[in-house]
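So the chains spell out like this:
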Amino acid sequence: MNLSRLKKLLSGGGVRVPHHKDTANYPTEQLPLPPKIVLPMNQHVGAPCEPCVKKGDHVYVGTMVGKAPSPMSMHIFSSVSGTVSTVGPILYNTGKGDTVVVVDSDGLQEPDPSICPPEVHDRESFINAVSMSGIVGLGGAGFPTDIKIQPKNLSEIDTLLINGAECEPYLTTDNREFLEHPDSILNGIRACLDYLGIPRALICIEDNKPAAIDLMTRKTAEDERISVCVLESRYPQGAQNVLIYNATGRTVPRGARHTSVGVMMLNVTTVSSVGKYLKTGMPLVTKRLTVAGDAVRDPKNLEVPIGTPIQDVIEFCGLREEPHKVIIGGPMMGSAQMDVNYPVTRQNNGLLLFGAKASEKPNATACIRCGRCINSCPMGLSPLAIRDAYVKYDADRLDALMADLCIGCGTCSYVCPAKRPLTQSVTLAKNFLKTKRNRGKN
Amino acid sequence: MDKHTSHLVVSPVPHIRSALTTRRVMGNVIIALLPALLASTLIFGLRSLLVVAVTTAACVLCEYLWCRIRRLPNTVGDLSAVVTGLLLAFNLPSTVPLFLPVIGAITAILVVKELFGGIGCNFANPAIVGRITLAVSFPARMTSYFFPAPLVACDALTGATPLAVTAEKLSLLDLFLGTHGGVIGETCALALLLGLIWLLATRTIELTIPLVYVGTVAVLSALCGQNVLYQVLSGGLLLGAIFMATDYTTSPFFRSGKIIFGLGLGIITCLIRFWGNMHEGVSYSILIMNLLVPYINAKFRRTPMGGGTRS
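In order, the protein sequence lines correspond to chains X and R. Following my numbering, the numbering of the first sequence begins with 1445 at its first residue and continues without gaps. Following my numbering, the numbering of the second sequence begins with 120 at its first residue and continues without gaps.
Keep in mind the hints are simulated off the structure, nothing from the lab. Among these hints, one or two may not hold up.
Unchecked claim - Covered by chain R, per the in silico footprint, the following chain X stretches (three or more residues, Cβ under 8 Å):
(1) 1695 to 1708
(2) 1767 to 1777
(3) 1796 to 1807
(4) 1824 to 1832
(5) 1859 to 1865
Backbone N, C-alpha and C define an ideal beta-carbon position, used for all residues, glycine too.
My request is simple: use the sequences and hints to build the entire structure.
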């Protein structure tokens, strides 16, 4: 591992970003129950759920409201008890539409009477239990966890990587998960190791979370299958391919899944949620958010019912100034929202409010060819060359430059002294290349 | 409900940017050049300051007028013209008549930089081409080095750069402090090294190119039986290696390419110095290697992670 870290250091990929992790020591608070929740049917990678309730139905906490139409999807559960008031459409700022189920809370928070801890005794029953848990990749990817834990080459998987790097600035939710629910994390990890037959687990934490490292090291001292892997705080340490390389020294080949190198990776909050579900049988209905940014009066770590409109969260934390940018997720990869009535979904882990000055768009000037984007790209790409090839729509050149390897981490735009929107260019190039290839196949 | 919604900014990721700007990069280079400017004033007197001021002003004015005439956004604020002006002035003797820097500035800014598309598009280092144009056009005026009014005590009075004076050897201390003849900015090795430290500390440049360049010259000098320290400290080697060869636009991106670039610079410099009929080879070696940069960049690149194998 030391050798690979040295190699990584020499290659110079990644960038040191300011951490802004001021909320790292703020214990999680409960958001007061919102009057209504809005549950979009598409809160994951894969086919959107189909609403299985109708207007006027009474639901409990943990009652299924959206049913997954295919295995590559994940059920959605109500986070409040109350009455379904609307099943209707919503339009996102991406231009995509979705169906939402709106539940008016009755304030009682009665759990669904049918909820009981799942009976798990072997691999099949474990996977079945996870498929009923509502858990998806909670680090932000939203990939259904039950699909993730049954790769085709499960017998070849020799390492379970627990991603607790949390390399995005501001966000401290994974840090709080370590500090507040270490036993759920370990339960989840042990269940995965036992039922999936994986020999070892590595809990990967960036070195800017000393308390979490210390606690997890002590907790895992007895268990020789589980160890803590401390990583340098360098963005994007938590990106899948980067973390796999830095923790195990393995390189995921171009176009392959990370399971092809014998690794299964789960976010720490995901695995902790699995641990909690196995114990209680309550599906995923709440999510911890870090609420921060210079426009927030009281930055907090908040446990929020999934489906709570952003507006309710903003009102609870208070404002120091009028927010000009509302970001769901971290500042490097999160998406800027145009409407504060959008709900919190299960793969969200941060809500950032930036004031007028922090929201100003930098003025892009001419490229000075300093090479910072190239030398800091964690995947070793050449954003500058990819951009030049993209403006010429040169698919062959983009293929040679391997634009499809881009993980969209935003490092190139971050480091650019000319403030050019390189990440955007490379993302466009990547999508262009994908379209071109798909057309070639047909 | 909608009071926070109307004016929300929606923009692509990332939502934070580094504090580094083009202006700050150029500002760091200017700061790194200040010790050499101070040293030159002490060694060659106030006349050298005048030459620097005229050259820099000519470069900035040239860029301003170009932007004005072409109705382009004014790019003077990025300070790159100031850097070019300072570097060009550092390549002139302090005795130079003041119309020379103006011609050099026009060549550097207008011909080499703006005609090719402005900052980031120049095919070679503008200051180097400016200097070469002047050296070729006005050889006598460009090599009349002497001390007009030294403010520091020094005993040597040389009329030529030390590389031209093979018989009388300066003491190494004189070479290191720069108290000898030469162009404005190149003589004081101490000041140039201070500049290098600043550039490295602010991460403006990487050490690779200066190290490989100077290292190659040192090794080749030793192999050819020359005095190594004498070759390294005299002439424009340090100025060229630290400030001219590390120009972003005209140097390779990758470390492997930078090593090749530095090796090429060192070899060409030594070929010219030891076997050419000129005493100084730094400018020409930088120009030649500048022209090879696109090919070096095409040949020496990093394989993206996972790009070596494809499934």
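Outcome of the hint check:
1. Counting residues of the stretch 1695 to 1708 of chain X whose CB lies closer than 8 Å to any CB of chain R gives 7, so the stated coverage by that chain holds, three being the minimum.
2. With 8 residues bearing a CB less than 8 Å from a CB of chain R, the stretch 1767 to 1777 of chain X meets the requirement of three and the coverage assertion stands.
3. Restraint check on the stretch 1796 to 1807 of chain X versus chain R: 6 residues with Cβ-Cβ distances below 8 Å, three needed, restraint holds.
4. Coverage of the stretch 1824 to 1832 of chain X by chain R holds [criterion: at least 3 residues with CB-CB distance below 8 Å; count 3].
5. Given a C-beta distance limit of less than 8 Å, the hint that chain R covers the stretch 1859 to 1865 of chain X holds, as 6 residues qualify and 3 suffice.
When the structure is compared with the earlier hints, no violation turns up for any of them.
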